[in-house]
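Undergrad: Residues per chain, in single letters:
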Amino acid sequence: MTRHAQLNNIDHKDLRIDTRRSATLGDDVAFAATFPAEFRDLQAYYPIVFRKDANGTLSPVALLGFQEGHNLFLDGERWDAAYLPLAIERNPFLIGRGGEEVTVHIDLDSPRVRNDAGEPLFREHGGNTEYLDRIASVLLTLHNGLQRVPAFIDALLARELLESFVLDIELDDGSVNRLAGYYTINEDRLRALDAAALGELHAAGYLEPVFMAVASASNFRDLIERMNRSRAGGR
Amino acid sequence: MRQGVDQPIKHVVILGGGSAGWLTAAVLAAEHNTASGSGLRITLIESPEVATVGVGEGTWPTMRDTLRRTGVSETDFIRECDAAFKQGSKFVRWREEVDGDYYHHPFVLPPGFLETHLAAGWMAHPDVPFSMLTCFQAHLCEAGKAPKQFATPEWAAVANYSYHLDAAKLGVFMRKHCVEKLGVRHVADHMVGIDTHDNGDIAALRTREHGAIAGDLFVDCSGMRALLIGQHYGIEIESQKDVLFNDRAIATRVPYADRTVEIACQTISTAQEAGWIWDIGLQSRRGIGHVYSSAHTSDEAAEAALRRYIVATGGREQDIDTLPKIMIRPGFRRGGWHRNCVAIGLSSGFMEPLEASSLAMVELAAGMLADQMPATRAAMDIVSRRYNDTFSYRWDRIVDFLKLHYVLSKRDDSEYWRDNRRPETIPGRLRELLELWRHQPPSRYDLNRVEEVFPSASYQFILYGMGFMPGERPTTRRMDDVARAEGFFRESAEMARRMLAALPGHREMLDHVNTRGMPRI
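If you're matching them up, the sequences are chains A and B in order.
Each residue of the first sequence is one higher than the one before, starting from 1 at the first, in this note's numbering.
Each residue of the second sequence is one higher than the one before, starting from 1 at the first, in this note's numbering.
For reference, chain A alone in the conformation it holds in the complex:
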């Protein structure tokens, strides 16, 4: 269940946040929502693909695993990559509306929210801790970034730069699995774009993320290796 509350330094003065990365704390997810400006940080570690929601709306995600609820970057209680996607880092916080402004909200029902141990949110006299300042910055970046996603997707669709794909994976143990339901950059169409189209994408700030997404495809190999290790390790 979720119970959202606007964060304040009176009701939530003594709360602490368990920032460990772990399945029991909700990190066992197969993908993390992302946005174009984050692509350059993600592309070194994660395949960047696109998925549809129930309405058929496309959005970009960092792929963390091949099966629902199985995050291949979780190693005990650490995150096995140098960059942590913002959509993961921000838990259990979210942006909400406090009157006219956007403000930090917290999900009080999250298992990360504790009274005894973990990162404190507020200092003795009510000011933010560095951790909370970091969270506020993460949330704002995420919020602004996600707002730009629909226009980015529209621009890709208008130039037919997205296509559905299926990945058939043969693991070391001989099993064959299929990753389906995701979309990727159509590289043939990308290569065929003329100077005018490339210029438009560049002016809109979309050219760099498109190429970052293309580059990220090389991470599939790493993801498959992680899957192999996880099978061997019995996880």
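No lab work stands behind these hints, which were simulated from the structure alone.
A short, non-exhaustive set of chain B residues, derived as facing chain A with CB atoms under 10 Å:
(1) GLN149
(2) ARG516
(3) GLY517
(4) PRO519
Backbone N, C-alpha and C fix where the C-beta goes; we use that ideal spot for every residue, glycine too.
Fit chain B to the given chain A structure using the hints.
TA: Quick look at chain B alone, frame taken from chain A:
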């Protein structure tokens, strides 16, 4: 004016707008790079004084691909043409004049159709309708489900579907696309004369304000008037009135009582004393009409029966908007392509709209013309002979297929039904097929050309839907495998269960398309 045999074909002139004219223009222009300037030039002359026929609202699943290839968006099409999803037809009271008599003709190929004779398995369930046993789509229609989900991309289907659409709006929609995106030249003018070459070819169409519009190939989309193929060239209609008797139609438009009324998932065709009533559900209204034989009933009786039907199915008398009566000469022109003039649409022929074959034939004609467009005048004679042969065959198959709906009826309530069963009204080919079908189901051997108008599965749905019981062969064969068929029936039932749970309602899906659109991929 002289015409050389090596005359290149560079300019196609289409006479007439409406669905036929604009669909043909779009298919040709998309295929032949008209917008680029280096492709075929296409001009469409549409008279502001001539109205379109006003009906023509049912389509086949081929329409999805036809529209997609012209480059339109399915979301735009559904929004602007008041379109709904059609998942086949439902025939009510065609076998007997009793409450509860109906059968389905869905579009989905039944699971196992190519692998075994499903009818053999059906014989073990004589009280279950063939379509319900073999095909999950019949269940989707009864439950009022849409054939796809919110996340399904444009043009893709979960269950094979076509459309019900507003024909006038389709013309306007395609005209806009043709002119704005495909480079078609629209001349809004009235034709006043025809200029010919020495050899009899058409050289130009003379218009009131725009002078003579010359061309290399002329497409007659002028409707039943058939100004070029009929009036100018005198190519006769070969009448089929002795096979299919219906020669009049009264069409109406009826609004829904309110926004919660279900939109039908199929064309509903209800047999009457001397004809049948079509009921097509668009988003904003129904299109309902009575097709009948003037030799077997009067116009007044037909109109009264139509009004009774409308009221009995939730319409209100005061809301009925009646269109001008349509006179039908059931028949077609075997020589639909004569010299450098080809007829597409009602100008090529017309039979009663029992299976929405008119727009399907427009698609097939425009498609073949686009694919086989001759490069020179010399090539044109070769292509036109091939075209006429192909469409002559297709028209004959339409006659057979429509007649099939009548010959097996048990209705005895009027001369019309008895007359429809008289052997002299049944084409020889259909009689032969019925004889064969006593011991083998309709198959690709019966319909053996590429791109048939109706697939053999459709013949099975009508044949067995009308209650035709196959007889026992004197010897057994592997394809009559009851156990194998049962397996497929279970598969179909399982698919029905899953889809009923996963698919949105018809209206729900249309509302979603109107507000959120369909994903492009």
